[in-house]
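Protein chains: 2
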Amino acid sequence: MITGPHSMNTISFYTQLIEDEIKNLALPQDPASLYEPVKYMMGLGGKRIRPVMTLMANEMFGGEMKAAIRPALAIEMFHNFTLVHDDIMDHSAIRRGSPTVHKKWNEETAILSGDVMLVLAYELLSDINSDKLPAVLALFNDSAKKVCEGQQLDMIFETRNDVTIEQYIDMIGRKTGALFAGSLKMGALIAGCSNEDAENMYRFGLQAGIAFQVQDDILDSYGQSGIIGKTVGGDIASNKKTYLAIKAYETADSAMRDALNLLASDASISREAKINKTLSIYNALSIKQQAEETREQYYGMAMESLDKVHIAETEKQSLRNVAETLINREK
Amino acid sequence: MITGPHSMNTISFYTQLIEDEIKNLALPQDPASLYEPVKYMMGLGGKRIRPVMTLMANEMFGGEMKAAIRPALAIEMFHNFTLVHDDIMDHSAIRRGSPTVHKKWNEETAILSGDVMLVLAYELLSDINSDKLPAVLALFNDSAKKVCEGQQLDMIFETRNDVTIEQYIDMIGRKTGALFAGSLKMGALIAGCSNEDAENMYRFGLQAGIAFQVQDDILDSYGQSGIIGKTVGGDIASNKKTYLAIKAYETADSAMRDALNLLASDASISREAKINKTLSIYNALSIKQQAEETREQYYGMAMESLDKVHIAETEKQSLRNVAETLINREK
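Chains A and B are the protein sequences, given in the same order. Counting from 56, one number per residue, gives the positions in the first sequence under the numbering used here. Counting from 56, one number per residue, gives the positions in the second sequence under the numbering used here.
Hints in this document: simulated from the structure, not taken from any laboratory. A portion of the hints provided could be inaccurate.
Where chains are identical, the list cannot tell them apart; a pair therefore holds if satisfied intra-copy or between any two copies.
List of simulated lysine to aspartate or glutamate pairs, DMTMM-like, C-alpha gap at most 25 Å [what the hints assert, rightly or not]: (1) K295 x E162; (2) K295 x D85; (3) K94 x D209; (4) K363 x E119; (5) K94 x D225; (6) K343 x E163; (7) K78 x D197; (8) K102 x D75; (9) K102 x D275; (10) K158 x D145; (11) K121 x D275; (12) K94 x E163.
Because the structure is a prediction, the values reported are computed rather than measured.
Model the full structure from these sequences, guided by the hints.
Below, the structure written as structure tokens:
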């Protein structure tokens, strides 16, 4: 257990701690074909942002690390459950450089292993002190529902051409923001903070999550493939409704809108040409700048929410660093 | 709230109560495409056995009906979640005479609506008194994991020819028995019964669940299609590893085993001939009688478990009636 000043723990300290805990996590063994994919998926790595935020929030409010570890793992288990099922729904073959569960095994196994991961998440959560359990469970249920709602909206949006930026922000607020928010509020609740502080931690997470997702959209079109670890322009190639795509469609005049529609529907155009021509339109419309403004706007709101939390500024520094790292990241 | 002698409430009283509660259940509305399938599936009917058992068990031990209703609905929500996902995995088009969720909508929606049903189940469960919450949640987690494990084993068994009766009983004990057991123990725990009684209620449910599933297998091959509401022989036609199929393979001599293998693999044989010839072999081996013996054996064990529960015999009568009705049912 860590007893020194809280702000001294670095992000990599928490990340390593979560990695170690995942490695040592005792999963059921039987049937192996149900639990092997769980182990596989949890072992694929990733940034572990959400559980790190739970641990940090807990420590910020003076909570004991030990009390927050299994709830943090619950959050990471839940997040990985959503990835297993999202990969089936999105027909994705690769996740973090490795085959997705439904490709390595099959769809039936991916559905069922995902299901059991959701149950395992609740099991990890159930270990906390019983006086905290009702509030933590209600929070987790609420975040989990919102993540499902966000994924459903994301899929619906793929079939629509009239999605507004407001609707998009609502969607990523549920799909990404709600679990960031839930992770932080959970850590805070476990430490026993006030309701007001818990709400501001939630808002901080929600707003930071939205900024994080907008940055994700920017990187997919403007990142450097050598850094982001995948080909740039994947979202454009697959006609994904990102912040950039929606903003471009909204800002475009009639001729540019026709050009965007043609690029999206023309099956004969090469992938490279499609991406390059779409990016030219984005550039002409200053879409990247507008996305960055929105990202900064939500980042600013997140920081204001954190400002309102009643603890010493030094205790908030780790979390500010995480948020800044996440939102200004290049991968 | 019911205040009269507990044994006076009939099965149909509890079933109707559950139907009414499901009709009045406030589900989230947005996005409609996520929650409409939940409403649809929950409205398809069915026997509502599991929530009825929760209410009965609770009342047997003198619990207030009101305290058990939302947990009972949690059980039914969970059961329906498993059906939505099982129907995808089993490629089933029809459920209770209506299109399955993935046929009426699509697989993506069925995966995600199923996921949110699992979260909604936990939400319904979370409402109980906080002093009961840890034990009830642990029980629910355990049953939920076992149901996933049982479904996985069921799928694995389809690809194997060496499944033993013991392995089959273990599988149905998880897939069907664990939720019967969990439903009963949950009702009992909510009423505040002793650990010993709770364990015997669990065993009663597990053993009755196994007997119930064996009866299901018998009906699929020997029921009357006009009564069971589907064509007789579906399990045989699809080479399902039922109690009957495994027992026949185990009991058969080498010539009969060859005949069974041929019937299972011969794509040119008509469905009717396949069913009739397989049934002839079952008849020659007295498979139906052996299945009935096993069913009676587990039914007897269930009754013995119920005998050990420390409440007046009159209070147990409703539950005995349910078990008897379920196990000797013709549909």
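* Within, between, both or neither: K295, D85 at alpha-carbon 25 Å -> between (39 Å within a copy, 22 Å between copies)
* Alpha-carbon proximity between K94 and E163, which holds within one copy, between copies, both or neither at 25 Å -> both (17 Å within a copy, 24 Å between copies)
* When no copy is specified for K158 and D145, does a C-alpha distance of 25 Å or less occur within a copy, between copies, both, or neither? -> both (12 Å within a copy, 18 Å between copies)
* At most 25 Å between C-alpha atoms: does K94 with D225 qualify within a copy, between copies, both, or neither? -> Close across copies (24 Å), not inside one copy (33 Å); limit 25 Å.
* Using 25 Å as the alpha carbon limit, work out where K102 and D275 are close: within a copy, between copies, both or neither. => within (17 Å within a copy, 50 Å between copies)
* Quick one: K94 to D209, C-alpha cut-off 25 Å, is that within a copy, between copies, both, or neither? -> between (27 Å within a copy, 21 Å between copies)
* Measure nothing new, just compare the shortest in-copy and cross-copy C-alpha distances for K363 and E119 to 25 Å and report within, between, both or neither. => Answer is within: at 23 Å inside a copy they meet the 25 Å cutoff, but 44 Å across does not.
* Asked: Between K343 and E163, at a C-alpha cutoff of 25 Å, which is it: within one copy, between copies, both, or neither?
  -> neither (40 Å within a copy, 32 Å between copies)
* To do: Could you figure out if K78 and D197 sit no more than 25 Å apart (CA to CA) within one copy, between two copies, both or neither?
  => Between copies, since 22 Å is at most 25 Å while 28 Å is not.
* Is the C-alpha distance from K102 to D75 at most 25 Å within one copy, between copies, in both cases, or in neither? -> So K102 and D75 pass the 25 Å test inside one copy only (14 Å; across, 46 Å).
* Asked: Checking K121 and D275: alpha-carbon separation at most 25 Å within a copy, between copies, both or neither?
  -> Close neither inside one copy (37 Å) nor across copies (52 Å); limit 25 Å.
* To do: Go through the copies and call it for K295 and E162: within, between, both or neither, with a Cα cutoff of 25 Å.
  => both (23 Å within a copy, 20 Å between copies)
Of the numbered hints stated above, those contradicted by the structure are hints 6 and 11, listed in ascending order.
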